[in-house]
Amino acid sequence: MEIAPDFFEYFEAAANLLDNDKTILAVSSWNDNGQVQFVHDPRALYRSDFFPGLGWMLTKSVWEELSPKWPKAYWDDWMRLKEIHGDRQFIRPEVCRTYNFGEHGSSFGQFFNQYLKPIKMNDIDVSGLTFKLTRLEQDKFLKHFAKMVSDAKPVYGFDAVLKAYNIDGDVRIQYNDQADFERIARQFGIFEEWKDGIPRTAYKGVVVFRYQTPRRIFLVGPDSLMELGIER
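With the first letter of the sequence shown counted as 1, position 8 gets the number 8 in this note's numbering; the numbers rise by one all the way through.
Note that these hints are calculated values from the structure, not bench results. What you are looking at is a predicted structure, and each value in this text was computed from that prediction instead of being measured. Treat the hints loosely; a few may be bogus.
The list that follows gives simulated cross-link-like pairs (lysine to aspartate or glutamate, EDC-like), each with its CA atoms no further than 20 angstroms apart [stated by the list, open to error]:
hint, residue 1, residue 2
1, K147, D159
2, K117, D223
3, K60, E2
4, K143, D168
5, K163, E182
6, K22, E64
7, K132, D21
8, K72, D87
9, K120, E2
10, K153, E231
11, K195, D170
12, K143, D223
13, K120, D41
14, K132, E9
15, K82, D21
16, K60, D41
17, K147, E227
Pairwise CB distance ranges, derived in the manner of DEER restraints [what the hints assert, rightly or not]:
hint, residue 1, residue 2, range
18, T213, D180, 19 to 29 angstroms
19, R183, N20, 33 to 43 angstroms
20, N166, D19, 19 to 29 angstroms
21, N166, K60, 48 to 58 angstroms
22, D19, G169, 35 to 45 angstroms
23, K163, G86, 20 to 30 angstroms
24, R183, E65, 30 to 40 angstroms
25, D125, K163, 35 to 45 angstroms
26, T213, D21, 29 to 39 angstroms
27, P68, A44, 16 to 26 angstroms
28, E64, T23, 15 to 25 angstroms
29, Y74, K163, 18 to 28 angstroms
We put the beta carbon where it would ideally sit given N, CA and C, even for glycine.
Put together the whole structure using the sequences plus the hints.
See the structure below:
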């Protein structure tokens, strides 16, 4: 595994937030949808209900909680079970701070060429990271993220992905269930996979990524707008 120039700076900045915010289980350096065509801003950080893995940090107290029952294999999928993380969330970057160049590993190279090889690892100096991290406190991030989703232009219909191509600015597309999400995700080329009812990278059922430009695409779950306080 290769690490970004600001790998240690990133985790050092995140340590204070992790120590003080008990709603965060771990901080990760990884974005599952961090392929070069889906990222833009190395300063952007998100909360997520899905454990990213591949370079992460947790507190000693959390390790003492989890280590007695730690599995011998596929611990990353184990960490993604709701019975393990509960209501706690994870911090992830938009642009990865690690790069996995090992095609053959514990997952036997699954999806390597499609999802791991094209990952964009941060290669520029990022300042002001501590300021950005303060926005990740639970209530602040909920309000910030809800505004981004609310401001995005809604696109409807079976051809919503095609319509989104022709819109400048952020776009939101609603999915009805897992099968519908997989259909939409497949058209964009992002991860289709869910674990224990949660799509990869999702926050409140919303998966966000860039699409070949600075604009964001939000794939919004059937209950996401209510969970974000946008609708009642």
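Numbers of the earlier hints that this structure fails to satisfy, in rising order: Of the numbered hints, 1, 2, 3, 4, 8, 11, 16, 20, 23, 27, 29 do not hold.
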